[in-house]
Amino acid sequence: MPAVTETREAVETLGQSTYKWGFETDIEMEFAPKGLSEETIRFISARKQEPEWMLDWRLQAFRAWQAMEEPTWQKPEYPAIDYQDAFYFAEPKKKPGPKSLEEVDPELLRTYEKLGIPLHEQAILAGVEGADQAERLPVAVDAVFDSVSVVTTFRKTLEEAGVIFCPISDAIREHPELVKRYLGSVVPVSDNFFAALNSAVFTDGSFVYVPEGVRCPMELSTYFRINARNTGQFERTLIICEDRATVSYLEGCTAPMRDENQLHAAVVELVAMNDATIKYSTVQNWYPGDENGKGGIYNFVTKRGACRGRNAKISWTQVETGSAITWKYPSCILAGEGSVGEFYSVAVTNNRQQADTGTKMIHLAPNTRSTIIAKTISAGHSDSTYRGLVRMMPKARGARNFTQCDSLLIGDQCGAHTVPYIENRNMTARVEHEATTSKISEDQLFYCRSRGLSEEDAVGLIVNGFCKDVLKELPMEFAVEAQKLLQLSLEGSVG
Amino acid sequence: MSESVALSPALGSFLARAHEGEARELLARQGLPQRRLEAWRYTPLRDVDRIGFEPPAHVSLGEAEALLARLAPEARSGFRVVFVNGVLVPELTRLPEAVILTAPDAPLLADRPLSVLNSALQQPGLSLTVPAGVEAGQICLVSLVSGEEPVSTHLAHQVTLEKEATLTLLDIQSGEGAYLANPSLTVSVAEGAHLTHLRVQQDDVRATNLTLVNASIAEHGTYDSFTLTLGSRLSRHEVLAHLGGKHATVHVNAAQLLAGTQHADLTSVITHAAPDCNSRQTVKNVLMDAAHGVFQGKIYVDRIAQKTDGYQMNQALLLSEKAQIDSKPELEIYADDVKCSHGATVGALDDEQLFYLRARGVPYDTAKAMLVRAFLLDALSLVTDEAAYALLDQRVEAWWLNREG
Amino acid sequence: MNDFLKISGLCAQIDDNGTPKEILRGLDLDVPKGEIHAIMGPNGSGKSTLSYVLAGREDYEVTGGSAHFMGEDLLALEPEERAALGVFLAFQAPVELPGVNNANFLRTAVNAVRRARKEDELDAVGFLKAVRAETKHLHMSDEMLKRNVNVGFSGGEKKRNEVLQMRMLRPKFAILDETDSGLDIDALRIVAEGVNSLRGPDFSALIITHHQRLLDYIKPDRVHVMAKGRIIHSGGAEVALALEAQGYQQYLEAVA
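Protein chains in written order, with the UniProt record's numbering: chain A, 1 to 495; chain B, 1 to 405; chain C, 1 to 256.
Since the hints were derived computationally from the structure, they do not count as laboratory data.
All values derive from a computational prediction rather than experimental measurement.
Hints may be right or wrong, so weigh each one.
What the hints assert, rightly or not - Calculated cross-link-like contacts (lysine-lysine; reagent style DSS-like; alpha-carbon spacing at most 27 Å):
#1 468(A) with 339(B)
#2 322(B) with 360(A)
#3 360(A) with 298(B)
#4 395(A) with 21(C)
#5 395(A) with 298(B)
#6 75(A) with 339(B)
#7 279(A) with 472(A)
#8 75(A) with 307(B)
#9 307(B) with 439(A)
#10 180(A) with 279(A)
#11 118(C) with 368(B)
#12 33(C) with 6(C)
#13 368(B) with 395(A)
#14 33(C) with 368(B)
#15 298(B) with 439(A)
#16 322(B) with 75(A)
#17 339(B) with 439(A)
#18 322(B) with 439(A)
Just chain A, same shape as in the assembly:
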């Protein structure tokens, strides 16, 4: 059937034909010594002017890491990583103290432009307030350019509200008591191989603290870029919401085209106290490698949130279209009575991409609730796995989980897998899991086309419809971008 063939061809080029974010910025870098040793860690810690306790914490993590073995249970396969053949610290040389936006290296601003950072945000970064900006909810951007946060906008507005939003290295110096108290409290240093590695060598990331009763006045956003050759990216993000506080945090990631695979092993920790709400959204379109699987990012991330207070809520939303390998399980530990965990995910893989993603919902307390909606789309020679754990512990009386996993296969050279683990230790807890695997229905395609849609528009439409339950969870700013991303991937593939 020609329609199908065309569709396949169309989709096989998804993400590969024109990786429009593939470029390199030429900014002089400063590197830590190559390889991983105590010396590297001391170098990083010294460069960041960290206090002694932080260095000790890193060294402890490093020793734990040395004793650990790289996991092998996952579905994706990748060549062995030589941890000694990489740089763990790269800092763009900057003019002394870029305190105002005007002083920001114009090269950087051009980078953001090429990145496709939404116009209004560019305006914010450039310090130009457009007339139409007044009605928009402002977005604070903490841009992580490789390893160092270069500039943080809206820091002042946030400070007035009592919200702390800054690079984590600043937080270590300026709010040591908070960092000491929460860092590693959700993801312990020895939690897993990559988390231990991150704990030892993390270079930057964001820190958010929303005090009691404060509703963060704007969406917080950060853009990660991996720029220099052979630098691993090890961000560390820590978000704390005190009682009745709320925050919505957006994370967007792109990286330029590369030949060598690059490891990205971030750790994100969220802490929500009584009646607090944290919404964490990710759109990840890092370089996926070329059609033969050459290059591309290894995205091995540990993301975990702890609902520590009554009726706390943590909601993860992710749209994963990039990276050669995506391997992560944003999870929720529901320790507060009545707390809520959510996980909404779209994962698109194509060519030789591999994804093994999902979530863990650990219900510790009574009346906790969790919802998991995962949509997986596989095309080309790619392989995508949903892996999820729902665990109801003995004290989780009246707890509830609902899980829905749907997979869509495009072409007969890809794979889609669903591996849920359901463990129930409380009779009053209820778990429901549903999963389906199918292809784009010929009927739907035909229907759309007979109404005048081109094939790729039809596929785009159907794929977007398939993902709707997840996309609608994204904040407005991202929903449009994510939808475009899905559509763009399909666009330009024919003719």
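Based on these hints, arrange chains B and C on the given structure of chain A.
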């Protein structure tokens, strides 16, 4: 590599009896499966490892007859094959003339610990072929074990259906004592043939049952199985089904009713290796007291297996605070034009339903029993043979009365 | 003095996501033997809670007051004991029981109640005769007996099924919890006939509704107005007509 695992009492006793060969070597190297093996994470054989197992004692014909009457009354009439303590009792065995007894040659599956154990200690079991076109009716396969000391049996059965043959195999496993039953059944269903396999596992609650079924189904063939698990302290029923020809069908349905500290594991791997095949699986767990139910079900769809229709439903009813369930339904799919789905639900009895029944005057225990039976019905009703359904239903009823009384 | 159904100062609450929510706040109600009473009230007044508390649903916690039925402490009894005693709740939304055969369910219930009342149980033939007589009376097809309880039943069929159960269990006191909601006129008539056919010196009923409509078919002896968890006004059948014409406001203002 030499023997690399520590010699546990169980392993020691097995190796002392094992036949020389590859299976023995594998067993010596791997030992019994433990938690670190993904496929065994919910059912590690730690406790079994601590027991040294002896070969079972000989049982007289009189004793065998008494055991049969007591433990498998359903096999009173009709065709049957009776094994007691791992040995065929020819005097109690009656087979239809049309079937042919053959020499067993079950394959060793090196990556399946149950196949390794069974092969290493293999005892000849039922090995029969139903010739092409023959409708062989029903044969009852009864495997009983009796012994006060820990003993183990490792029967290897093989059932082959030639083209368009049919057979209903009623497979009853039971016994008295703290034994280990470790049978294997190799099933081969040729083109257009139809095997109905109804298995009732009602071993002693002190016993361990580790059963492996390895079935391959050819074009238009059907392997329709239902397992009712009521017995054993620890059991694992592992089914490997390979759909190798177009329009082949497999059903792996089951119900597990567990109480006390019983642990029962149903693990299945259904491989769709040909287009247009159909697999169906409905598994129900009813868990009382501190019982532990495990379900692991994988549907694997090969690239070639377009138009696969796979369905899997796993449900557990927890009737006590201490009961627990671990469920891992899994889809691994490499073909795009497929229709595969699975579902799992875990929970207690529905309070609203319970209240409705009680508000109509039905006493609590009866109401509970009615709802449990209703819960099981989805699975049990898949047994289409009326006599077989009645048998299963009666066993469930008796089990339930026994619990409640 | 009435010794049939006597409710005094009844208070009940429900757990609303961790916090108790009071719904019945000192409700007094007497229904004498042989009478049919109606309770009307706006949404959220606690009408359904009252029916659930009387039938013994566990989600509701009784925090004060009492309810006696024929001299027995109703609140101390299990739901099935109340049923055996002759209390019947016709549900607003009868729950579905997948896998439970309707006839089997009905027979189990009838015999459990008969056993408790020290009557002979019905054998299969006797039961079938009795149930056929009722289904015929209610213009129900026997097909409904073969299906699972309420599964795939239309709204009208569910209500008919409730009436069938009521007639089979021969209650002394029936509570109809908004049985009329969403019913077409034919179904409404069937429900009303079901109640009217049982009407007599040994049968009482409490009709919970917020429409006058059902009361056109079942003439109540008394009508109570309920609001905020209490009976705020009682009177004859004319109260329902007044409510239909003027609404609840006059009564609410009177208590405010």
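Does the structure break any of the earlier hints, and which numbers would those be?
5, 14, 16, 18
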